[in-house]
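Heads up: the protein sequence lines correspond to chains H and A, in order.
For what it's worth, the UniProt record's numbering labels the leading residue of the first sequence as 1, then goes sequentially.
For what it's worth, the UniProt record's numbering labels the leading residue of the second sequence as 1, then goes sequentially.
Treat the hints as calculated values from the structure; they're not laboratory data.
One or more hints might be untrue.
Any copy, or any two copies together, can satisfy a pair, since identical chains are not distinguished.
Claimed, not checked - Calculated lysine-lysine pairs in the DSS-like style (CA-CA distance at most 27 Å, straight line): (1) Lys201 - Lys232; (2) Lys201 - Lys45; (3) Lys45 - Lys2; (4) Lys285 - Lys45; (5) Lys201 - Lys17; (6) Lys285 - Lys17; (7) Lys2 - Lys232; (8) Lys17 - Lys232; (9) Lys17 - Lys236; (10) Lys201 - Lys323; (11) Lys201 - Lys2; (12) Lys2 - Lys17.
There are 2 protein chains.
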Amino acid sequence: MKKLINSADDVLADALKGIEASDGNVRVDHTNRVIYRAEAKDSGKVAIISGGGSGHEPMHGGFVGLGMLDAACCGQVFTSPTPDQMLEATTTVDTGAGVLHIVKNYTGDVMNFEMAAEMAADAGVQVETVLVADDVAVQDSLYTAGRRGVGTTVLLEKIVGAAAEEGQDLASVKAVAQKVADNGRSMGMALTSCTVPSAGKPTFDLPADEMEIGIGIHGEPGRHREPMADAKSIAKQLVDPILHDLDFTGAPVIAMLNGMGGTPLIELYLMYGEVVALLEAAGIKIERNLVGNYITSLDMAGCSLTLVKADDELIRLWDAPVKTAGLRWGL
Amino acid sequence: MKKLINSADDVLADALKGIEASDGNVRVDHTNRVIYRAEAKDSGKVAIISGGGSGHEPMHGGFVGLGMLDAACCGQVFTSPTPDQMLEATTTVDTGAGVLHIVKNYTGDVMNFEMAAEMAADAGVQVETVLVADDVAVQDSLYTAGRRGVGTTVLLEKIVGAAAEEGQDLASVKAVAQKVADNGRSMGMALTSCTVPSAGKPTFDLPADEMEIGIGIHGEPGRHREPMADAKSIAKQLVDPILHDLDFTGAPVIAMLNGMGGTPLIELYLMYGEVVALLEAAGIKIERNLVGNYITSLDMAGCSLTLVKADDELIRLWDAPVKTAGLRWGL
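Work out the full structure: start from the sequences and follow the hints.
Have a look at this one:
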């Protein structure tokens with residue numbers, strides 16, 4: 001294993017130092033491993049929290065800032081944060097208007113966020129939760145009952161952050177979140193495994209002439225393996241299962257062509273071109289897009305496609321100003 | 001070789017389709033392989049052009065837009081664009097106020113930009129050129145007489161773009177460019193080789209327990225190879241040669257901790273934390289920073305550090321609004 005780290009045990013603690021030094025939008029609670037917005041609390045605003053295992057950067061810490069998250073709870077690499085971290089974050093960011101928890105559907109995350117929400121309620125904080133379970137690849141998975149939560153999380157955090165910023169109340173923010181979660185679908189693929197620092201070797205072996213279709217963001221098994229193919233064929237294998245699962249015609253679509261961490265941008269642009277051609281042929285119009293590394297899987301090579309079937313409200317919220325390390329516009 | 005491409009011959013042409021589809025700031029001339037700003041020419045503004053081999057994304061095409069480049073000439077992967085491309089771009093963007101060519105110091109780029117500048121002058125366009133040669137690793141290299149041009153190019157394109165946007169004339173824009181070029185230094189390292197699509201195999205072999213210090217962005221040899229080390233030691237091997245080359249104390253510094261394409265963001269943040277600690281110990285204050293993939297080398301794992309010794313004028317230009325796929329703030 002060759003990685004730019006000091007030791008497998010210190011990856012998260014050391015990375016948090018770099019995040020704090022580089023990103024003027026945030027402050028880091030190193031004891032609880034929570035990343036907060038740097039500016040003072042906006043009184044009366046619904047607060048938005050997410051969190052999960054590390055190794056998916058810039059998600060979630062890179063999405064803390066004006067117009068997006070108020071706090072991100074950082075677990076160790078590919079490990080859920082604890083209920084204590086989530087409770088600390090929840091009580092810290094609450095302005096009295098309540099807190100929305102954005103939870104990706106993995107068993108550990110779901111259980112821990114549930115426990116934190118109960119404890120926060122006992123402490124007098126109103127908490128609502130939205131569960132993201134958008135991965136059409138598999139029904140159940142290594143770490144999940146039901147679909148895995150992947151790329152829609154990024155788009156949801158942006159849109160819901162804007163709703164909170166403009167002063168919507170907790171019920172309304174929750175409704176926006178649920179609309180995004182209900183209308184987002186993702187599908188991923190891998191050319192290589194990732195290597196978890198504490199394991200020291202690749203999570204799985206993938207022969208030099210094969211790829212895995214339907215991979216999860218922790219290297220969980222996908223749908224099947226098959227011989228390496230060209231970008232056009234791969235794009236079709238991402239687009240088809242998504243369109244099979246939800247009808248995206250007749251609505252503005254927000255698309256994300258996401259890199260898994262080890263794939264260069266030139267390939268992501270190329271893949272995006274192929275995806276656009278397929279969607280146009282299917283009569284689907286992309287109104288907004290992201291191309292790049294937004295929800296990664298350490299050093300895995302590969303990509304994923306996320307489509308959110310939007311409406312005028314979601315597009316308006318998407319376009320609202322955001323100022324985070326990972327997404328920034330309008331400010 | 002496993003890559004998200006259709007064929008080695010079509011990588012650039014296909015990627016340009018995706019860039020055009022994703023980035024509303026640009027339009028693409030597919031015949032000449034030039035990426036232009038989408039909006040109409042700003043009459044009287046000095047135009048800024050750069051270009052080079054592809055495979056370093058988001059540089060340069062991802063830096064076309066308001067406050068940065070007016071055009072980027074795209075060569076094939078790791079291959080200089082031709083004088084014809086550069087001439088076409090130069091005459092297209094000129095508003096009568098002249099054009100600055102930003103050239104990285106590689107023999108092919110230098111020769112072709114010189115030829116294009118002469119042809120443009122014959123056509124009545126005033127052209128000035130700034131050469132970036134900031135890599136402290138080696139004096140001469142595989143594709144270079146003199147130092148290679150690397151990370152300072154990114155910071156220079158941002159700063160000079162702002163100078164042009166605020167209406168500075170060609171001589172003044174050139175002077176700003178030269179100040180950045182004179183005060184920027186970089187040093188890189190690699191954990192793995194990159195694989196050029198047309199070659200189909202890694203450019204070099206690097207054993208599983210070794211790294212290369214002083215690597216170039218095309219996989220050109222660096223200073224030496226040595227056993228893999230921890231992030232602290234690697235950071236020192238990047239910082240020391242830069243500080244040995246130029247005194248950065250007493251000035252505000254703009255820093256970039258750049259990924260080579262195959263290294264995940266969590267490792268780049270971690271490395272940035274180590275670099276900040278070393279610079280603080282040396283009495284050097286980072287005023288602005290970038291952490292991420294900005295000048296890459298296809299799928300190479302590794303990173304580079306760039307420091308620009310700035311002053312109030314350069315910091316002011318750095319902070320000016322920019323709206324490109326790769327850098328965006330203030331708008």
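Tested hints:
1. Lys201 - Lys232: Between. Shortest inter-copy distance 22 Å satisfies the 27 Å Cα cut-off; intra-copy 31 Å does not.
2. Lys201 - Lys45: Neither. Shortest intra-copy (44 Å) and inter-copy (54 Å) distances fail the 27 Å Cα cut-off.
3. Lys45 - Lys2: neither (44 Å within a copy, 47 Å between copies)
4. Lys285 - Lys45: neither (34 Å within a copy, 35 Å between copies)
5. Lys201 - Lys17: within (25 Å within a copy, 37 Å between copies)
6. Lys285 - Lys17: between (41 Å within a copy, 16 Å between copies)
7. Lys2 - Lys232: Between copies only: 14 Å across, 32 Å inside.
8. Lys17 - Lys232: This pair counts as between: shortest inter-copy Cα distance 13 Å, intra-copy 41 Å.
9. Lys17 - Lys236: between (41 Å within a copy, 17 Å between copies)
10. Lys201 - Lys323: neither (36 Å within a copy, 40 Å between copies)
11. Lys201 - Lys2: both (10 Å within a copy, 20 Å between copies)
12. Lys2 - Lys17: within (21 Å within a copy, 34 Å between copies)
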